[in-house]
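Asker: Here is how the chains run, residue by residue.
There are 2 protein chains.
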Amino acid sequence: MAPEADQPLSTPTGEPAWKQRAVERSTQAAKRRAEQRVERFLDAAQAIMAEKGTTDFTVQEVVDRSKQSLRSFYQHFDGKHELLLALFEDAMSKSAEELRALAAQQSDPLDRVRVVVQELFEISRPDLSARQRPLFSDFAMRLLVSHPAEMRVANAPLLALFTELMEELEEADLLRSGFTARRGAALTMQTVMFNAQSSGQEGAHPITAEEIWDYCANGFTMDAPTS
Amino acid sequence: MAPEADQPLSTPTGEPAWKQRAVERSTQAAKRRAEQRVERFLDAAQAIMAEKGTTDFTVQEVVDRSKQSLRSFYQHFDGKHELLLALFEDAMSKSAEELRALAAQQSDPLDRVRVVVQELFEISRPDLSARQRPLFSDFAMRLLVSHPAEMRVANAPLLALFTELMEELEEADLLRSGFTARRGAALTMQTVMFNAQSSGQEGAHPITAEEIWDYCANGFTMDAPTS
DNA sequence: CGGCAAGCCGCAGTAATGTTCTCACCATGG
DNA sequence: CCATGGTGAGAACATTACTGCGGCTTGCCG
Numbered sequence: 001m002a003p004e005a006d007q008p009l010s011t012p013t014g015e016p017a018w019k020q021r022a023v024e025r026s027t028q029a030a031k032r033r034a035e036q037r038v039e040r041f042l043d044a045a046q047a048i049m050a051e052k053g054t055t056d057f058t059v060q061e062v063v064d065r066s067k068q069s070l071r072s073f074y075q076h077f078d079g080k081h082e083l084l085l086a087l088f089e090d091a092m093s094k095s096a097e098e099l100r101a102l103a104a105q106q107s108d109p110l111d112r113v114r115v116v117v118q119e120l121f122e123i124s125r126p127d128l129s130a131r132q133r134p135l136f137s138d139f140a141m142r143l144l145v146s147h148p149a150e151m152r153v154a155n156a157p158l159l160a161l162f163t164e165l166m167e168e169l170e171e172a173d174l175l176r177s178g179f180t181a182r183r184g185a186a187l188t189m190q191t192v193m194f195n196a197q198s199s200g201q202e203g204a205h206p207i208t209a210e211e212i213w214d215y216c217a218n219g220f221t222m223d224a225p226t227s
Numbered sequence: 001m002a003p004e005a006d007q008p009l010s011t012p013t014g015e016p017a018w019k020q021r022a023v024e025r026s027t028q029a030a031k032r033r034a035e036q037r038v039e040r041f042l043d044a045a046q047a048i049m050a051e052k053g054t055t056d057f058t059v060q061e062v063v064d065r066s067k068q069s070l071r072s073f074y075q076h077f078d079g080k081h082e083l084l085l086a087l088f089e090d091a092m093s094k095s096a097e098e099l100r101a102l103a104a105q106q107s108d109p110l111d112r113v114r115v116v117v118q119e120l121f122e123i124s125r126p127d128l129s130a131r132q133r134p135l136f137s138d139f140a141m142r143l144l145v146s147h148p149a150e151m152r153v154a155n156a157p158l159l160a161l162f163t164e165l166m167e168e169l170e171e172a173d174l175l176r177s178g179f180t181a182r183r184g185a186a187l188t189m190q191t192v193m194f195n196a197q198s199s200g201q202e203g204a205h206p207i208t209a210e211e212i213w214d215y216c217a218n219g220f221t222m223d224a225p226t227s
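Residue numbers (our numbering), protein chains in the order written: chain A, 1 to 227; chain B, 1 to 227.
To be clear, the hints were calculated from the coordinates, so they are not data collected in a lab.
Watch out, some of these pointers could steer you wrong.
Unchecked claim - In the DSS-like style, the derived pairs of lysine-lysine whose C-alpha atoms are separated by at most 30 Å in a straight line are: (1) A:Lys31 / A:Lys67; (2) A:Lys80 / B:Lys80; (3) A:Lys94 / A:Lys31; (4) B:Lys80 / A:Lys52; (5) A:Lys80 / B:Lys52; (6) B:Lys94 / B:Lys31.
For clarity, every value in this text was computed on a predicted model and none was experimentally measured.
Sequences are here, hints too, so could you generate the full structure?
Answerer: This is the structure:
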């Protein structure tokens, strides 16, 4: 990593290389400190959410809990929204990893999709997991309507997992004819997550993980028609 | 309607019947006036939403637009939430009626479900109908997480329609074996509405009405297995 | 017609909360 | 050892939902 020849490319302003390196060294220490502070804000926010089971905490609470200052908070985050977004993206990619690990335990491609669908349904339902994952109910919904692009980014890891699983199905000729893996991945993922959201809203007949799997896999019509 | 014998039942306080009737006559005029005021608030709110394409208006805006007073607003509504809820319930039952009329134009039970699914999808997508129906994106999502019981009430008309259509399918033996009409109705309705919500979030490959119908009807697996 | 009760209005005021500003401080690096 | 920039503490600001109060209008009743 001594790309002196490349320096001109990265210093179009005419700064000498040594100066850049010196500045960078200073910068990196500061960066570490900054990252640590950000970490503390993140941890504090997560702890508060775990306690209150909602994203309706105040910025002040996070600041107090993290033993830092409001001033510092706004130096590291563009606002409360950015904080929540960071936590949400993190939670989503962690969940995607967990689900991927779960899928890996199954040998049959169809079983892989099944366990992922059922587990995603469980961790997405508000009544059971709101306390542990308020981001999935509260924040995800608001993000979907107010910042769909950011939602798409946050969903990417999970969507990738579903796409892989669907492609496996495709290769094993287990996908319905004329059905694209990409579309099926998005449709299934969203169907599972959102139906989980409104489970418990269904008065006396809450939907179960088995039912949602059955539905996604087979639809509701007889096994032949559709025109 | 001269149920004098029944009066004691409705006047346990001992008030004479004539007085009750007189009071009621006075009351009804006041009631009409009150309803008219409520109507004006409702209309103003709807107009503002149509212009701004969001539910993020202030109560003050509604008050100004309706040429009434803030004080009066809170005399007729418990708060902004109640206003939105009223508009939402109204929009939902109107949409349910429109969809029911649309279904009636089809003779085949499966076609009835299909047109309803496809049209519900279209009117629920945020990109096209946000301007006309911000309640369906904005408010519905928030209501789902913050007041699921109210959401259930608001959804009831639409759910009833889906249930009827599903029961028709059941009677015509077009429903998959071991599949309940009630569950299918809820699952399908929510799947359609929510997937519409996130359509357009799908970068370059937005889901279409045909695809969602295909998915709901048939799922993604081959036409035989599931174990 | 005169008065009264109810409703309505305008306006100021409260509360909650996200965000920014002021200013002193201090720690880090040169 | 000093200059710079991040930090802390708190005040200040902005927005918004909501409420209290006093006065005015309106419609009703005797």
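Asker: Against this structure, judge whether each hint is valid.
Answerer: Going down the list of hints, with the structure as the test:
Straight-line distance between C-alpha atoms of Lys31 of chain A and Lys67 of chain A comes to about 19 Å, which keeps the hinted pair within the 30 Å bound. With a CA separation close to 24 Å, the supplied pair Lys80 of chain A and Lys80 of chain B stays within the 30 Å bound. For the hint linking Lys94 of chain A to Lys31 of chain A, the alpha-carbon distance of about 24 Å falls within 30 Å, and the restraint holds. Of the supplied pair hints, the one linking Lys80 of chain B and Lys52 of chain A holds, its CA atoms being roughly 25 Å apart against a limit of 30 Å.
About 24 Å separates the Cα atoms of Lys80 of chain A and Lys52 of chain B, which keeps this hinted pair within 30 Å; it holds. The straight-line distance between the Cα atoms of Lys94 of chain B and Lys31 of chain B is roughly 24 Å, inside the 30 Å bound, and the hint therefore holds.
When held up to the earlier numbered hints, the structure conflicts with none and fits them all.
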